[in-house]
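**Q** The whole structure should be built from the sequences, with the hints applied where relevant.
Everything in the sequence shown is counted per this note's numbering, starting at 1 for the first residue and increasing by one.
Everything labelled a hint here was simulated from the structure, so no lab data went into it. Check each hint, because a few of them may be wrong.
Below 30 Å or equal to it, Euclidean Cα-Cα: the simulated DSS-like pairs (lysine-lysine) are [claimed, not checked]:
1. K33 x K80
2. K80 x K40
3. K70 x K40
4. K70 x K33
5. K70 x K80
Ranges between beta-carbon positions, derived for each pair [stated by the list, open to error]:
6. G224 x P37: 20 to 26 Å
7. Y133 x A42: 36 to 42 Å
8. R129 x F168: 47 to 53 Å
9. P155 x N48: 26 to 32 Å
10. I120 x F168: 46 to 52 Å
11. I122 x S77: 54 to 60 Å
12. P37 x I107: 32 to 38 Å
13. F130 x I222: 21 to 27 Å
Being a predicted model, the structure only gives us computed values, none of them experimental. For each residue, glycine too, the CB sits at the ideal point set by N, CA and C.
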Amino acid sequence: MEFLSLQNILFMTPILFLALPVHEFAHGWVASKLGDPTAKIAGRLSFNPFRHLDLVGVLMMYTVGFGWAKPVPVNFSNLKNRRSGIILVALAGPLSNILLAFTSMLISGVIAKLIDLGIIVIGSERLLRFLYYVSLFFFFLVIVNINLAIFNMLPVPPLDGSRLISAFVPEEAYYRFARYEQYIGLIFLAIVILVPNDFISGFIRSVAEPVFRSMILTVQAILGINADNDFWLLIQYFAMQLFGHL
Numbered sequence: 001m002e003f004l005s006l007q008n009i010l011f012m013t014p015i016l017f018l019a020l021p022v023h024e025f026a027h028g029w030v031a032s033k034l035g036d037p038t039a040k041i042a043g044r045l046s047f048n049p050f051r052h053l054d055l056v057g058v059l060m061m062y063t064v065g066f067g068w069a070k071p072v073p074v075n076f077s078n079l080k081n082r083r084s085g086i087i088l089v090a091l092a093g094p095l096s097n098i099l100l101a102f103t104s105m106l107i108s109g110v111i112a113k114l115i116d117l118g119i120i121v122i123g124s125e126r127l128l129r130f131l132y133y134v135s136l137f138f139f140f141l142v143i144v145n146i147n148l149a150i151f152n153m154l155p156v157p158p159l160d161g162s163r164l165i166s167a168f169v170p171e172e173a174y175y176r177f178a179r180y181e182q183y184i185g186l187i188f189l190a191i192v193i194l195v196p197n198d199f200i201s202g203f204i205r206s207v208a209e210p211v212f213r214s215m216i217l218t219v220q221a222i223l224g225i226n227a228d229n230d231f232w233l234l235i236q237y238f239a240m241q242l243f244g245h246l
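**A** And the structure:
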């Protein structure tokens, strides 16, 4: 499945305007609750996408399905408990995307269940086409959020995974590492941009597939959706196109 097409761009744009602000807002909100007002002072405790979007990160989302936003500023020295605070702030963004992905899957499951119950009746080609695009939208909403969560957990600056490192190593060792964060980040950025089909994409797909599969099975079990439901099968078909199998 190619992300960079007119159809996919039309689907991806509203999704990015939702997924990226939610991710960054979660970082700032948790930091604020733990004692650091930096994000609030900087005007980043907002769902306004234009306060969070990074041009290169957004282009990466359109082309390979994962990317980043402008990091929310956090002064970790203001946190009430620095070590646990770093962990909670770092995890807040990826977890918010996983929650958003599951919520999206649950909503699509409700639509599938309404079809099972006969409340939504697919009685015309026009309705079938409409449901096709609805299922495609929810597929992208789920997979983009899963990809964002996985990508941001990579232990490379300035991604969230690198912040977790600081919580588990001696401060002196992390500060030595931090001196090279900018250079490591630039090298990583160059690799991601110049070699978009490298092992990073493969790694993210290999992790995203079981996460996606578990969400499908969990929602199907919770709502009692028929396995042969056309709407439900469509979402899994799109996953097969992306992952190669499911």
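**Q** Does the structure break any of the earlier hints, and which numbers would those be?
**A** Number 6 - this is the single hint that the structure violates.
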